[in-house]
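*Asks:* What follows is each chain in one-letter form.
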Amino acid sequence: MQIYLPIAEMAVSAETIFLVSMVVGFLSGSLGVGGGFLTTPFLIFIGIPPVVAVGTQTTQLVASGVAGVFGHWRRGNVDVKMGGIMLAGGMLGSAIGILIFKLLEKLGQIDFAISFLYIILLGGIGFFMLFETLRSLLIRKKTMRKAFNASQIHPAIAALPYKMRFARSRLYVSALVPAGIGFVGGLLAAILGIGGGFLLVPAMIYILGMPALLVVGTSLFQMIFTTGVAAIMHAVVNNTVDIMLALILVIGGVVGAQIGVSFSRFVRGIYARIILALIVLGVCFRLCGEMFIEPQELFSTVIL
Amino acid sequence: MMMALRTVLFLCLMLPFTAMAGEPVNAPKIIVDLAQPHVDITTGFVGGRLELFGVRKEAGDIAVILRGPQKNMQVRRKGNVLGAWINTDKARYDNVPTYYDYALSDGFAASVPADQFKLYGIAPENIGIENHTHKGHKAEECDLFFQALIRNKKNERLFGKEARSITFLDNSFFKVIFKLPDNVPIGLYEIEVLYFKNGVLEDRATKSIKVAQVGTSGEIHSFSNTHALAYGVLCVFLAVFAGWISNRLRKTT
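Top line first, the protein sequences correspond to chains H and R.
Its first residue numbered 1380, the first sequence is counted upward by one per residue in my numbering.
Its first residue numbered 21, the second sequence is counted upward by one per residue in my numbering.
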């Protein structure tokens, strides 16, 4: 069924988008990844203007954040104070991200910037995931994550001013660190339409030294607000949030996540992770191809 | 340019009338009208059609031109920078129609000289660009950019690739159908009907038609423009609600 998108001002196949968001929802339900990094490139592949793809994808992030945060909240695994500081940085990051986005669009380099950042991010994550998974498969030994202790915090980070006490995380650390991590998350959300969990979660563990138990819940908690602000700003500054597209994405995501959650009991995590890594690398190679192989058409026309 | 064009037009229009005695001075050679006064884009819109009917009083050649609202455009050219293909060069064109399509009666090209095509903007290659800005481009490069603009728009299905035909139901009554793609730009469209006799313009008629989103689609479009903040908040609220539903579902299973 073709459906007309009022903001993108074009018709798309609703089934295709529904199917993709279902697959992404499935991945997030069964593997616990956000999946924004797959949706945005896909929407661009099928011809949705990059600006609309990114702007609209931010609303999907809000939905998946809300869906995920409740469980962590009930178990008390959200450090609200830490999340609050992070989202202060995140909102600033979103605002600056929108400005950078607007500037790149004006310079005619937004498509390049989005592709380039995606290639780096997807390539990095894909190779890391594949390498880690294959290694653990070959060694047949669970690689135990080293127990983290506060003395490992880098001295440069320990020396930063504006120290604050975070009771829930049992940390006494400069507020600049979580704000900085949130800031990067906000930038990624606004420019690429991704939640950035794969980047924020390790940063919160290894740089901030937060207990691993609290990290996912807290990062989801702040992501809801950061991506929510990014969505509103994309709507106000760029008018690139398509509510029709968002609706299909969100519903597909909900259905897919539902299937994914039930399915996750039957699938061996290790194979699922290999498949995910291959999907991620596939998207990365496709973007690389577009960037490095001489295009048939060198010219493009945009309305100013 | 415009003055000259107007003068030529005026003369073209007046000459035949003054020459013919007995006929009323302002008797038009063609009369046209649209089948519908507007094109509506709804949520189910996958492309539309625009139908024009007309009558010619005597034998002659007819061209029908459909032009979308004008916008300023930038044409960008990719170059190779360290192996990657990125935009490195650009040119700006002001007031380019966002949509262009045209229809010609049989044998039009044979009886109307090429300079008339240029003068009246018949075929996408002849759309008059009043103002274009090139930085450091030689003439042949400017031409390359202009050709790219036309080519890009044709590939986007926004400029007609070739002339559509004008169907004559009898010797005088004709009909033209323009098919519009799903990505047709919204706005006010101008339809210009040109009547040539012996290769000279003798009459012209214009009609305008509004292409707009209506119904749910139209309301969303205008609401997102007039109340951008409320619209953004609504989108986020919708997402929060969907996330909450998703969580409820997960809990029950």
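Worth flagging that the hints you see were computed from the coordinates, not collected in a lab.
Treat the hints with caution; some may be incorrect.
To be verified - The calculated lysine-lysine pairs, modelled on BS3-like cross-linking and capped at a C-alpha distance of 30 Å, are: (1) R:K155 <-> H:K1481; (2) R:K91 <-> H:K1481; (3) R:K91 <-> H:K1485; (4) R:K49 <-> H:K1485; (5) R:K230 <-> R:K158; (6) R:K174 <-> R:K227; (7) R:K158 <-> R:K49; (8) R:K98 <-> H:K1485.
Unchecked claim - Footprint (simulated), chain H over chain R, 3 or more residues, beta carbon under 8 Å: (9) 56-68; (10) 71-84; (11) 88-98; (12) 102-110; (13) 124-136; (14) 193-199; (15) 239-252.
Where is the CB? At the ideal position from N, CA and C, for every residue including glycine.
*Asks:* Are the hints correct? Go through all of them and say.
*Replies:* Cross-check of the supplied hints:
1. R:K155 <-> H:K1481: holds (23 Å)
2. R:K91 <-> H:K1481: Holds: K91 (chain R) and K1481 (chain H) sit about 19 Å apart, inside 30 Å.
3. R:K91 <-> H:K1485: OK: K91 (chain R) and K1485 (chain H) at ~16 Å, within 30 Å.
4. R:K49 <-> H:K1485: violated (48 Å)
5. R:K230 <-> R:K158: violated (39 Å)
6. R:K174 <-> R:K227: holds (24 Å)
7. R:K158 <-> R:K49: Violated. K158 (chain R) to K49 (chain R) sits at ~44 Å, over the 30 Å cutoff.
8. R:K98 <-> H:K1485: Cα-Cα ~16 Å, so holds.
9. 56-68: Check passed, 7 qualifying residues.
10. 71-84: With 0 residues close enough to chain H, the hint is violated.
11. 88-98: Per the Cβ count (8), the hint holds.
12. 102-110: holds (count 6)
13. 124-136: violated (count 0)
14. 193-199: Per the Cβ count (0), the hint is violated.
15. 239-252: holds (count 8)
Violation of the numbered hints given earlier is confined to hints 4, 5, 7, 10, 13, 14; the remaining hints are satisfied by the structure.
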